[in-house]
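Chain F: place on chain Y using the hints.
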Amino acid sequence: MSDGNVTSGVDERIKEQSRLRTALIRPELGGICGTIIVFALFLLFAGDSGMFNSQGVLNWSTVSAQFMIIAVGACLLMIAGEFDLSVGSMIGFAGMMIAIFSVTLGWPVWQAIIVTFILSVAIGGLNGFIVVRTGLPSFIVTLAFLFILRGFTIFLPQLIERKTIIGGIRDAAEGDWLAVVFGGKVLTGLFSWLGEAGMIATFERGTKKGMPVVDGIPMLIVWAIVLVIFGHILLTRTQFGNWVFASGGDAESARNSGVPVNRVKILMFMFTAFCACVFATCQVMEFGSAGADRGLLKEFEAIIAVVIGGALLTGGYGSVIGAALGALIFGVVQQGLFFAGVESSLFRVFLGLILLAAVILNTYIRRMITGER
Amino acid sequence: MFSTMKKMALATAVAAAPLMMATGASAEGEKYILVSHAPDSDSWWNTIKNGIALAGEQMNVEVEYRNPPTGDLADMARIIEQAAASGPNGIITTLADFDVLSGPIRAAVDQGINVIIMNSGTPEQVREVGALMFVGQPEYDAGFAAGLRAKGDGVGSFVCVNHVISNTVVAERCRGFADGLGVDLGDQMIDSGQDPAEIKNRVTAYLTANPETDAILTLGPTSADPTLLAVEEMGIAGDIYFGTFDLGDEIVKGIKSGVINWGIDQQPFLQAYLPVVVLTNYDRYGVLPGNNINSGPGFVTKDALGKVEEFAGEYR
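Order-wise, the sequence lines are chains Y and F. Counting from 0, one number per residue, gives the positions in the first sequence under numbering that gives the first Met the number 0. Counting from 0, one number per residue, gives the positions in the second sequence under numbering that gives the first Met the number 0.
I should point out that these hints are in silico values taken from the structure, not numbers from a laboratory. In this text, all values refer to a predicted model and were calculated from it rather than measured experimentally. Positions of the beta carbon are idealized from the N, C-alpha and C atoms, including for glycine. Take these hints with a grain of salt, some might be off.
Which residues of chain F face chain Y? A partial, calculated answer using Cβ under 7 Å [said to hold, decoys possible]:
1) Glu80
2) Gln81
3) Gly111
4) Ser165
Pulled out of the complex, with its shape left as it was, chain Y reads as follows:
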């Protein structure tokens, strides 16, 4: 045993890599490149279409934030090695529950929101429990819940109110302390100052004349940022984050080294349901109604954002920041195509192309990182 290594501070067992390479080659690289490319393209082709004025920026940021909220949950779950296809149905279901509790049953909105969160997270837990206990693929189990939840979302309001859209939540939520956390806006003072200073567009007529068109940052965006930061720290800075990677990478060896794999997976299912519920609550509070068709296909949009962001479908590899960038790309492209005046039915073609390009690019990056062939 010589002490030479200790003093020099270099471990000869670790292959030397340049700083630049370590900084650049990371799971998010694909997402970062994609974001730059997408923004460059839209600046070029839709720069003067209103896409980058205050209102336009808010528009695509809101859409991206929506994707981000569900992508964070889907990303962590996917890294833990499981899927949740019931996200979209969960969004519809949670929104409808809030509407039924607050409008039909007349509960205070904060109570409706809290009970709905408990219910959603419990269903997420049930999803996870069934997957862990039966050993069935989560793909199938959550597919079942996709139908079960959607079915209830259509059945319950028809049974109770004889219609499939329940409105009037905005009136019920008036002055409610918890509703503001989901449906409110922050920095309103800053924006009215910007409007007065003539730096952003203002209304030209109507009761809101002179007020800025964009009067604040919706809480939806705040939630997205908070969830992304939470997810990133959880995944990269905590022991639990390592457990998540281990559970998805190789569940058996993780179990053998003492990782509570089942608990991790169930918790991740619950977190995914929590994210879906945040999405639903923000939507219901903003629009004031819950509809049976809300959240259709959102589970795939979440998975697409996560995959664009560099996560591996089979688990054990990925990044929350990557997923967030994936969501940003998704949102910017979806709204940007409208700004650029592209025929809207071509949207799916673009989505497919971007997905394909991202997956190919990410595969090369991953091979560089892990050294696999």
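Same frame as chain Y, now just chain F:
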């Protein structure tokens, strides 16, 4: 590393190509955007697309058609916000859910963009959001008129095949029809879904379970086409009273062969065409019709099929 660069360059080129195509298609002059609530799969809106394209051509203005791909109304609200942000001269949109859409529409109006509501909405709601006018068919009234007509033909019970259960406005047609007949709607409206095979099987199942049903009311080609197959397979084509909303190729054939007694044409062409004409003239000369425009209902029966047949699915 080199191959990665190549991939990125390729991705750029692939993503850029259709964008360049699109910018070449834009024209000078006024710009109007039509935002619908229909999912991509709803073929009925093709007439709207053709109508607005023709109006754009004739009035020499730029027109665009946009819709939420899955028919999610919350997504539609975002599209209206986006349309407003891109600064057009006017927006033509449906008011499928007042709670969700009134905010974005109101904001667009306050921004100085002229809005005309087409297809879905009530005159009161249209006034409330500050739109110029409504062009469409009052759904309850149309259903009621159809119900009265069916009652006159001796109908006492019916099944309403609803393929857009989430659209409350369309469900008003069933309610109006029931009230016109003077019966309670009750369980007579079925949620058929959008898939043709499912629609066909659900109609067959309902008619098998309720053989006493006098009449079928379908709410558009999406539910009418598979229902036609269902009644033909069950051997009751021409026997059971069959009315439908809206027209399409198969529906016209059905009317011609006597399987469908009548189709209610709300003339979607006018709903897309007239708002563009009205908005353009309002922007250019400041002239505006004084009231809402009813584009329907018109009953299409076997006797008046010439032009309908010629342009079914295109302009009719």
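Hints, one by one, checked against the model:
For F/Glu80, the interface hint holds, since its Cβ comes within 7 Å of a Cβ in chain Y; the closest pair sits about 5 Å apart. Using the Cβ-Cβ criterion of 7 Å, the hint placing F/Gln81 at the interface with chain Y is satisfied: the shortest such distance is roughly 5 Å. The closest approach between the C-beta of F/Gly111 and any C-beta of chain Y is roughly 4 Å, which is under the 7 Å cut-off, so the hint is satisfied. For F/Ser165, the interface hint holds, since its Cβ comes within 7 Å of a Cβ in chain Y; the closest pair sits about 4 Å apart.
Checked against the numbered hints given earlier, the structure satisfies every one of them.
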